[in-house]
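So you can see what is in the structure, the chains are spelled out below.
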Amino acid sequence: MAELLSGSNLERVLAAGKFAVTAELGPPMDCNGEVVREKAKILKGNADAFNITDNQTAVVRMSSIASAFIILQEGLEPVMQMTTRDRNRLAIQADILGACALGCKNCLCIAGDHQSFGGAGRLKGHPGAKNVYDIDTIQLISALKGMRDDGVQQGGDPIDKRPPLFIGCAWTPMGDPIEIRPTRLKKKVDAGADFIQTQGVYDVEAFKEQMKIVVDMGLHERTAILAGIIVPRNFGMLKYMNNFVSGVSVPKELMDRMKAAMKAGGDDKKQKRINQEEEAGKITVELIQQCREIPGIKGVHLQAIEWEKKIPEIVEKAGLLPRPTFD
Amino acid sequence: MIIADQKPVAEIKGFIEGKKKVLIAGCGTCVTVCLAGGETEVKNVASALRIAFKNDGKDVEILEDTVERQCDDEFVEPLLARVKNEGFDAVVTLACGVGCNFLSTRIGPVQVFPGVNTSFLGSNEAQGDYLELCAGCGECILHLTGGICPMARCSKQIMNGPCGGTSDGKCEISQDIDCGWYLIVKRMQELDILGQYDEIQAARDWSKGTHGGPRRLTKETAAMAAEDDAAKES
Amino acid sequence: MGESGSKQSLDENLKAPCVAACPVHTDNRRLTEYVAHGRYEDALELTLSVNPFSSVCGRICSHACEQECRRNNVEKPLSLRMLKRFIVDNTRDYRLARRGKIKKTAGTKGKKVAVVGAGPSGMTAAHDLAKDGFSVTVFERAEKPGGMLSYAIPKYRLPYDIVREDVDDILALGVELKTGFDVGKDVTFDQLKKDHDAVLIAGGLFDSRTLALPGMDADGVILAMPFLREAAEGGTPVLGKKVVVIGGGNVAVDVARTAKRLGAEEVTMICLEGEDEMPAWDWEIQETVEEGIRISNSWGPTEVRTDGGRVTGIDFKECTCVFDDTGRFNPQYDESNTCSFDADNVIVSIGQQADISCVEGSKVKIAGGTRFEYDRATLATSEPGVFASGEIAVGPGAAIEAVAEGRRAAQAIAHWLDKGDVASIPGTDMPHVGELPERVAEKVIKRDRTEVEFADPVERLTNFEVIEPCFTEKEARQEAARCMSCTLGAVVDEEKCAVCLTCVRVCPFDVAKIEKKAVMPADECQACGLCAAECPAVAIKLERWGVHEMKNRIAGKLERLGGKPDKFLLGFGCLFQAETRDALQNDPAAVKSDGIVRISVPCTARLTVSDLLAPFELGAGGVTVIACEGDSCQYPIALDRIERRVKEAGGFLEAIGVGADKIQLMKTNGPAETEWPKILSEAREKLG
Ligand SMILES: Cc1cc2nc3c(=O)[nH]c(=O)nc-3n(C[C@H](O)[C@H](O)[C@H](O)COP(=O)(O)OP(=O)(O)OC[C@H]3O[C@@H](n4cnc5c(N)ncnc54)[C@H](O)[C@@H]3O)c2cc1C
Ligand code: SF4
Ligand code: SF4
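Chains as they are written, first to last, in the numbering used here: chain A, 70 to 396; chain B, 33 to 266; chain C, 4 to 691.
Think of the hints as simulated: they come from the structure by calculation, not from any bench.
The hints are all genuine.
Once the Cα atoms are required to be at most 25 Å apart in a straight line, the calculated DSS-like pairs of lysine-lysine come out as:
{"id": "1", "chain 1": "B", "residue 1": "Lys53", "chain 2": "C", "residue 2": "Lys554"}
{"id": "2", "chain 1": "B", "residue 1": "Lys218", "chain 2": "A", "residue 2": "Lys281"}
{"id": "3", "chain 1": "A", "residue 1": "Lys338", "chain 2": "A", "residue 2": "Lys308"}
{"id": "4", "chain 1": "C", "residue 1": "Lys570", "chain 2": "B", "residue 2": "Lys90"}
{"id": "5", "chain 1": "B", "residue 1": "Lys202", "chain 2": "A", "residue 2": "Lys308"}
{"id": "6", "chain 1": "A", "residue 1": "Lys338", "chain 2": "A", "residue 2": "Lys378"}
{"id": "7", "chain 1": "B", "residue 1": "Lys39", "chain 2": "A", "residue 2": "Lys199"}
{"id": "8", "chain 1": "C", "residue 1": "Lys567", "chain 2": "B", "residue 2": "Lys90"}
{"id": "9", "chain 1": "C", "residue 1": "Lys650", "chain 2": "B", "residue 2": "Lys39"}
{"id": "10", "chain 1": "C", "residue 1": "Lys570", "chain 2": "B", "residue 2": "Lys86"}
{"id": "11", "chain 1": "A", "residue 1": "Lys321", "chain 2": "B", "residue 2": "Lys202"}
{"id": "12", "chain 1": "C", "residue 1": "Lys554", "chain 2": "B", "residue 2": "Lys90"}
Let the hints inform the model, and build the full structure from the sequences given.
Pasting the structure below:
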């Protein structure tokens, strides 16, 4: 086995040629660390690493570094997410150094939803905020790689103890303009992305096609691509994602399945919910299995937004347990 | 040109509450063209203010004046003289922020209030329709992006876009806003220079923009020698 | 013809074609503007200022203005003559009162002018000279003044009292008129000359031309002029059943129609010219045909058949060609093709000629035939101090041409009397814009020409009553609205123009453009004023139909109404919706009781946002803009523009706490007479 870059659990799983599983853990909108710990307890052992979102959908939440530290204490491995929206290059690097000092080993570089999102309309958020975008995701990847591999800060000053980071980023395979997406992935890989978590995949066929191009470009050898799976909790959510989430399209057949599940509940609200949640589990497991078969895919990244407790069941049903361990 | 948008007249009224004699000053250049602060808008704002104060039972004299440009001494001087000679106790300028600054630093102890929100550098797409096209960032990178500016037209000012938020050519923040990077990619395809897109653009040096502190530009070859300038003045 | 092409802004020399075409250059655009504003008296003053025979022209003018009107490029020309008639017919009381106030200026200068002939030319010259202060005496052979207007043009087209209206105004200036006075008989020309400082010969074309044909001396052969003269004097020349009129001009038409009215059963006009070449106006021919008169073209008379000294018929040969290559009258015949008409009377109407007996024995040189030596530029004859004008000098034409020549003659004589020499007097040519470019014409909203219905052809043949009714007020206003304001459109103040392109973008006629600064070519602009109302630099003014200084106008109106009622309601309405001028007026008593003040503008889309706010500054409680609904508006997009402006003004009012609901836009197709009161009183009620 080649020398590890960070020695993170996720890196090890991938290096060992195992099918990796990551899952998302959303911090609360207050300073209640217990919430994080609770979620950590539920998720523990069900994935190789856990993404801690960074003010997701532009809503203020407990910082990803602090949350990451909490789950470290709980014995989980965090993937600290870092948006370029909220911090300039100074703040980002300072936070990275701090996070590494606390034991974080994975970092996911993302642009972050624009502040005008404000929790996708459900919350107020901070649409009047001034965003930063001092550097973009690709520049952030380069900066982290420079810190780790060359021992220099982005501005050129030296770093004695280099941060051992497993550098990741997101990728929207079916985003618009679709023809540019593989190239953009290549730019990320060229910049130094060690692993990729994709935007949620529902349209497996389309994803397959994009992956074929990626494989032809040899990118799957240079980075580990984890297919993003967003657990579709109910019909409404599927519809929302199909209509409003960029780069996500839900095939009609999936929509129909979920709709049928909902309808089967008749007038009984509770039954409706139960039916849909059951169907959601089934769909998710199927998606995982389908993605797993796509050449070039090295794992899955599961997002059960504010529904983390569903993860263990899904991972189990998908036959992904137990997760490998290393000593 | 500079695009501005008129401030709500209620806000303007709030600025000058308690004043006795106020000059509404228009500018004949950019803000005239973008229908925010030319003579016509001056008339409208002045009229609305007169009605408002009259209804309040307040005796406030609101007068009007419009000069060619509020960012040049030669044009502004008559305006300043008028303010002084006729005893105005406030000025509301419908020029862009430049005009408001310019007047404020020359007018003495009379407060100058902004009557417009200076919005951006943009184009006139159609009658009454303006579009931001340049961010005035201080170091133009349009040669890298097919002539379409990611600083002005990408919501996240990404240098290596587009982000994952593009859909149907629109930006993630609104269906009414074109994705700058979508336009850039399409333009590069049209020009057959998409190859350039492969290159990673390094982090920008923002010091050329406002982040480097207030900017001043001196074109040495055009500037007057200090003594000539003084001679001209005397 | 004059020059054409685009000009940046209004060039005094670049007139509308209607103005240029009129021999006295009546500014028809102002005339129509006054009519739209209900200023009929001002319109009368305007026409009288250039044309003392305005009443006459309202009836019989051959209206070169209409032939040239650029509405021809859209659908049909404006009915300008009829508008003139409307103006004079509807201002009689005013005119009478005005006549009482006319200053007797004649004789204030102490030089005396004799005018021979009281036709339009002589009387016009007398008018201008009297205004100039000269003492003028007009000598007229006939018993009544007016020349051909009174003695040739039939009454069903021009009653004598109409001629008299114009003549009386002229006489009011102190012009002396001696009728029944034949110069040459009652006084020698030399004596006349000796008694005056200058003489104008304006004797017209008194005699008919005749034909040298076998049988011409037979009983029943009549010449046009004596025939018409007799009819005009109220006589009833005895005619047989069948009448043949020889000639194809306007006089022949009048002869034929008069003959029919005098009882002839079968009237046939026979002329040399082919159908398309006939010198008579199209509309005259049409009316003639309506009256059952036959027209037979391309025949030249060869012999009057007689029996026992009485006419029995007349023979013709075919005329194959009337004019030669150079356009000269040179008829060619086909002797082999002949025809014959039975007739009880043959009336010869092949042209008129001067009777120059008045100068017999004087030193005025004769140029040959019935013409004397005469210089068109100076209007002088060979004899110092003797001038000539009208048809006797320039040959047959329209009455308005005689008027125009009369005006020139007055100038020539005034110059002679003031300076002692002759001067070249400018002619009546005037540079003007060309046709309306197709690009613009196709965007102009089409509006049917307003036509009046003539008296029933059967009915009208029984008498000499006027056959054409006047426009009603509604019709006149509707017709006036069709005027496109040629060359009186938008003008840019280049100093102020910010080249913002607003005008270019809003102009519905694709007229405004940029040439360093904004330019609205005078020959294209429709004067809709939309650009002016939107210009952010207040850089555009309208030469016609502008609504500049609206705030002052409203203030002035309020003052004239005797102060402003508390929280009054201002109603802006479109002039073109009013069928009567009464609708445009404010009755001070009504204003006092209902607090509604009306301001009418030529299209409400000319109002700027500050125009809409101005009433509030002046104490209005509310403003209601009444716009024309749908395609009843003159101008494309106007409704949309005023809607937006009302909204903008409403935005201001809302922001200052007055409330956007205090200004509203209402749409209606009118008429103002019934719709405005409804709309305005409802608005008034809402206001409380
Ligand atoms: C039948 C007819 C119909 C017409 N219809 C129209 C029409 O519809 N529209 C239009 O625009 N024009 C029309 N015209 C033309 C118009 O009438 C003439 O152009 C105009 O009248 C000419 O004016 P004048 O002043 O030159 O001469 P006249 O009108 O002929 O006036 C000359 C006057 O001089 C008098 N006179 C002559 N010799 C002497 C003398 N020795 N002593 C004293 N007085 C003398 C005559 O009696 C006469 O009254 C028509 C003409 C005719 C004949
Ligand atoms: S449209 Fe009006 S201005 Fe133009 S030629 Fe006709 S009458 Fe004259
Ligand atoms: S908008 Fe109307 S007034 Fe202005 S140029 Fe066009 S036609 Fe003329």
